[in-house]
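Chains A and B supply the protein sequences, listed in that same order. Quick note: the first sequence uses my numbering, first residue 117, plus one each step. Quick note: the second sequence uses my numbering, first residue 117, plus one each step.
Hints listed in this document are in silico derivations from the structure and should not be mistaken for laboratory results. One should not assume that every hint holds.
The list cannot tell twin chains apart, which means a pair is met if one copy fits it or any two copies do.
[To be verified] With a straight-line Cα cutoff of 25 angstroms, these simulated DSS-like cross-link-like pairs (lysine-lysine) come out:
| no. | residue 1 | residue 2 |
| --- | --- | --- |
| 1 | K153 | K330 |
| 2 | K142 | K370 |
| 3 | K367 | K421 |
| 4 | K342 | K163 |
| 5 | K270 | K163 |
| 6 | K189 | K379 |
| 7 | K335 | K166 |
| 8 | K163 | K269 |
| 9 | K270 | K145 |
| 10 | K367 | K450 |
| 11 | K305 | K335 |
| 12 | K280 | K330 |
Number of protein chains: 2
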Amino acid sequence: MIEDKNQQRTPLSSLGEFGLIDHLTKNFKITHDSTLKGIGDDAAVMKFDKEVVLTTDLLVENVHFDLSYMPLKHLGYKAVMVNLSDVYAMNAMASQITVSIAVSNRFPLEALEELYAGIETAAQIYGVDVVGGDTTSSTSGLLISITALGEAKKEDIVYRSGAKPNDLLVVTGDLGGAYMGLQVLEREKEVFKVNPNNQPDLDTYTYIVERQLKPEARKDIVQLLKDLEVKPTAMIDISDGLSSEIMHLCKHSKVGCDLYENKIPLDPQVISTCEEFNIDSTTIALNGGEDYELLMTISQDDYPKIKANPNLTVIGYMTEENAGMHLVTRAEEKIPLKAQGWNSLSESE
Amino acid sequence: MIEDKNQQRTPLSSLGEFGLIDHLTKNFKITHDSTLKGIGDDAAVMKFDKEVVLTTDLLVENVHFDLSYMPLKHLGYKAVMVNLSDVYAMNAMASQITVSIAVSNRFPLEALEELYAGIETAAQIYGVDVVGGDTTSSTSGLLISITALGEAKKEDIVYRSGAKPNDLLVVTGDLGGAYMGLQVLEREKEVFKVNPNNQPDLDTYTYIVERQLKPEARKDIVQLLKDLEVKPTAMIDISDGLSSEIMHLCKHSKVGCDLYENKIPLDPQVISTCEEFNIDSTTIALNGGEDYELLMTISQDDYPKIKANPNLTVIGYMTEENAGMHLVTRAEEKIPLKAQGWNSLSESE
C-alpha cells in the first residue's frame with residue numbers, strides 16, 4: 117500500500133553488527149544534562165538528581181503492527197511513544213531511551229534507516245536521549261524493544277494505587293480514535309489485496325488514521341498538571357482501552373467506580389466512522405486501546421482548577437470498593453464494567 | 117536431548133497477559149534500597165545516590181541459543197549474566213533488571229516458569245531486583261530482552277577509552293571454554309539426531325559445557341579491584357572473543373597493542389577438547405566469544421597489586437596507536453590482530 121517499490125536495497129550483512137549500529141545511531145545527539153555517556157561503551161552512564169522511573173515495552177511484527185500499512189518511520193515514532201506514555205503516566209519527565217531491534221534479513225538497510233529516522237524524530241521532539249540498544253538478526257520479522265527512563269521528584273510521582281472514594285475520574289483528549297483508524301486501514305488493506313491499483317482515499321479519516329499511525333504521548337499533560345498545581349491521586353496511561361485501565365486503577369487503589377457513558381470524550385470522526393462500520397462508539401472507547409491518553413483520579417478539591425481545561429474531561433468518580441465498577445449508560449442504567457467482555461452490550465443497543 | 121517429554125502443558129492463553137505476568141513474577145522480591153517500586157505500575161521507581169549505568173541485550177532463539185540443548189532455566193540465568201557482565205565491565209555494581217519476552221504459543225506455561233526460575237536464581241545470587249518487563253506473543257520462537265541498571269561513583273566508572281601506551285593488558289579467568297562447550301553440545305545434538313536413544317556422556321566436558329550453558333558474570337572482579345585498590349584505565353567484557361574486544365579497547369582508547377599468545381589463559385579442558393576437535397586453541401580464545409570474562413588495561417604502577425592474583429592474567433601491553441595491534445606468537449612472530457578473520461592462521465599451524 118504505502119510501500120515504495122523503487123527503494124534501494126542494501127543488505128544489512130554488508131555493514132556487520134558494529135557498523136550497522138554506528139550507522140543507524142550516528143545522528144543521535146545527547147542533549148540531557150543527566151546523560152554522561154550515551155552509545156558506545158558497555159553501558160550508558162547517567163546522573164540523576166531526582167527519582168528515576170523505568171519502563172519497557174516490546175513491539176512484535178504481526179502482533180502489534182502490520183507493515184503493510186504502517187510506514188517504518190511511523191513505527192519508530194510510535195514505538196517511542198508507547199514507552200514515553202508510561203513515563204508520563206507516573207507524572208515524570210522522560211529523559212533517556214534504549215532501542216533494541218531484532219530484524220530478519222528481508223529488511224534492507226534503507227528500511228532500518230526509516231525506522232531509526234522515526235525514533236530520532238520522536239526523541240528530538242520529546243527531548244529524550246537515545247543512550248543504548250542492541251541490534252541483532254531474527255529468524256522472522258521485526259521486533260522492537262524499547263526501555264525508557266524518566267525523572268521526577270519523589271513527592272510528584274503518581275502511582276496507580278492512590279485513588280480514594282469520591283475522587284473524580286478524569287481522562288485526557290478523546291478515545292477510540294486509534295482503534296477506528298486501525299479498522300479503516302484494515303479495510304483499505306483488503307481493498308488493496310483485491311485491486312492493487314486502487315489508491316486508498318483516507319482524507320475523511322485523517323484524524324483517526326493519525327491516531328493509529330502516529331500517536332503522541334501526553335508529555336504536555338505532565339507540564340499542564342504542574343502549571344495547574346494539581347497532583348492526581350492516581351494515574352495510568354490508556355494503552356489497552358479505558359475499561360481495562362479503570363479496572364487496573366480500581367484494583368490497585370482498592371476502590372470502585374461509576375463511569376458515565378455520556379461523558380466519554382469522542383471525536384466526531386470516531387462517531388461517524390463507528391456509524392459507518394455499524395459499531396457502538398462506547399464499546400470502542402471502552403475496549404479499543406492504543407489511544408495513549410492519560411487516565412487519572414483527582415481530589416474533588418482540585419475540580420475548580422481543572423474544570424475549564426479542554427484537555428481534561430471528568431468522566432466519573434470513584435466509589436467504595438464494595439460498590440463495584442459500573443458504567444452508567446445514557447439510559448441511566450448501571451451495568452458492571454468489564455474489560456473486553458462488555459462488547460455484548462453493543463448488540464442490545 | 118534434555119527435554120522432559122512428560123512435562124505438563126498449560127497453554128499460555130489460559131492466564132491472559134496480566135495473569136501471566138503476575139504468575140511469573142510473583143516470587144520476585146525487592147531487596148535493593150534503591151528500588152522504591154518494582155513490578156506493578158506503569159513504571160518502576162528507583163532512587164540512586166551514585167551514577168547510574170544502563171545496558172540492554174536481546175537474545176533470539178536459533179540466533180543466540182538453541183533450545184534443543186539449552187535448558188530454559190539455564191537460558192534465563194544466562195540471559196541475566198549477559199547483561200550484568202556489561203554492568204561489571206563499567207566497574208559498577210548491578211542493581212535492577214527488566215525482563216521482556218516474546219513467546220510463541222508452542223511454549224506452555226511450564227516452560228516459562230522454568231525460564232523465570234533461572235532469571236530469579238540469577239537475580240538472587242547477583243543481588244539484583246527484577247523491577248519490570250513485558251510479556252507478549254511472538255509469531256515464532258522465543259526472544260528475551262533484558263535491560264540492566266547498576267550504580268557506581270563517578271570516579272570509579274571505567275570506560276573503554278582510557279587505555280594508555282605501556283598499560284598492561286589483563287584478562288580475568290580463562291578463555292575459549294564457552295565456545296568449545298558449544299562445539300561439544302552441537303556434536304551431541306547431531307549424534308542424538310541419528311540415534312535418539314544414545315544418552316550423551318558429557319562428564320569429560322563438564323567445565324566447558326557449564327561455561328556455555330551457565331556462564332557467570334564477574335561481579336567478584338569489581339569487588340576484587342576495589343579490595344586491591346586498582347582502578348583499570350579501560351575495561352570491556354568479553355562477549356565476542358578476545359580479539360574483537362581488544363580491537364574495541366584500542367579503537368576507543370586510540371592505542372595499539374601487543375598480545376602474547378603464550379600468555380592467553382586456557383583451561384586444560386579447552387586445550388584437550390581443541391586437540392580432539394583438531395582446532396587451534398589460540399584461534400578459539402581469540403574468536404570464540406561468550407566467555408563473559410573481563411578485559412582491562414591497568415597502569416604498570418599497579419602491577420605489584422595484581423601480580424599474585426590467580427584471577428588476573430597479564431596477556432600483553434598497550435602501545436602507541438600507530439604501532440598497530442599485534443599478536444606475538446609462541447614462535448615470536450608478530451602478526452596483525454584481526455577479529456574473526458584471523459581464523460586462517462589456524463590452517464598454517
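Earlier hints that do not hold, by number: The structure conflicts with hints 1, 3, 6, 11 and 12, although it agrees with all the remaining ones.
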